[in-house]
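**Student:** Whole structure, please, built from the sequences with the hints as guidance.
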Amino acid sequence: DAGVIQSPRHEVTEMGQEVTLRCKPISGHNSLFWYRQTMMRGLELLIYFNNNVPIDDSGMPEDRFSAKMPNASFSTLKIQPSEPRDSAVYFCASSFGLAERDPPFFGPGTRLTVL
Amino acid sequence: GDSVTQMEGPVTLSEEAFLTINCTYTATGYPSLFWYVQYPGEGLQLLLKATKADDKGSNKGFEATYRKETTSFHLEKGSVQVSDSAVYFCALQDDKIIFGKGTRLHILP
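Sequence lines, in order, name chains A and B. So in my numbering, spot 94 of the first sequence is number 94, and the numbers just go up one at a time. So in my numbering, spot 80 of the second sequence is number 80, and the numbers just go up one at a time.
What the hints contain is simulated information worked out from the structure, not anything from laboratory work. Check each hint, because a few of them may be wrong.
DSS-like mimics (lysine-lysine), calculated; alpha carbons at most 27 Å apart, straight line [said to hold, decoys possible]:
1) K101(B) to K60(B)
2) K77(B) to K68(A)
3) K101(B) to K78(A)
4) K96(B) to K24(A)
5) K52(B) to K101(B)
6) K52(B) to K77(B)
7) K68(B) to K101(B)
8) K24(A) to K101(B)
9) K101(B) to K77(B)
10) K78(A) to K96(B)
11) K68(B) to K52(B)
12) K78(A) to K24(A)
13) K96(B) to K56(B)
14) K96(B) to K52(B)
15) K56(B) to K101(B)
**Tutor:** Here is the structure:
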C-alpha cells in the first residue's frame, strides 16, 4: 500500500492567496484527520471525518479554513485567504474507524509557507 | 476534557543509556494509548500501542505499560542508539486522538 498521500509536499504562497491541500487516505480506511503542526502549538487536530462526514471541526481556526471529503479516497483542506500565521506543516491521517480505536497512519505532510 | 501531558524536552543522552519519557493523561472514558515517533522531515509513525489497563506495548526495543492507577504511559528503552534521535509523541484515543506536545530526543555517539 502506498500509505497516505499528500500534495503538494511544499507550498509557498503570498498572503491573501487561496491555498488547497490534498489528501488521499489509505484504501479501506473510513476515518480521516487533518492536523496542523507548529513549534509554538505542537500538533493540533483541525477536523476529522468518518465515512466522508465531518464529525468534529471544532479545531478549525476560523472561517478562512474549510475541509471537504467528497468521496472515500479524497479530501481537501482549503485556506482562503491565507495569512502568514497559517505557516505550518499540515498532516493528513487515516484509520479504519473511530469505533475500532485504530490508530491513524500519517501522511508525510505539506509544509506551507505564507509570505 | 481529555488531555495528554509529556515531559518537556529536549532530552539528551549518550548512546546505550537508559531512556524514560514520561507521559500522563486525563480522560473521562477508557482510552487507548499510543506512542508515535517523528523523524526529521517526516510524518508521525506509530511506535507502539496499548488498549487497556496493564497492557504493555513494545516495538524496536521500546516499551510502555498502560497504568490506569497512575494514569501514565511512560516510554522506556534499555539502550538507546543514535538512530533513535527523533521527536516522540504520547497520544490517547477515546472518540478522537489527542496528542501531547512531543519530546525531542538527542542521542550522542
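**Student:** Each hint should be assessed against the structure and marked as holding or not.
**Tutor:** Now for the hints, and whether the structure bears them out:
no., hint, result
1, K101(B) to K60(B), "holds (22 Å)"
2, K77(B) to K68(A), "violated (41 Å)"
3, K101(B) to K78(A), "holds (25 Å)"
4, K96(B) to K24(A), "holds (20 Å)"
5, K52(B) to K101(B), "holds (23 Å)"
6, K52(B) to K77(B), "holds (21 Å)"
7, K68(B) to K101(B), "holds (21 Å)"
8, K24(A) to K101(B), "holds (26 Å)"
9, K101(B) to K77(B), "holds (20 Å)"
10, K78(A) to K96(B), "holds (22 Å)"
11, K68(B) to K52(B), "holds (8 Å)"
12, K78(A) to K24(A), "holds (15 Å)"
13, K96(B) to K56(B), "holds (22 Å)"
14, K96(B) to K52(B), "holds (16 Å)"
15, K56(B) to K101(B), "holds (22 Å)"
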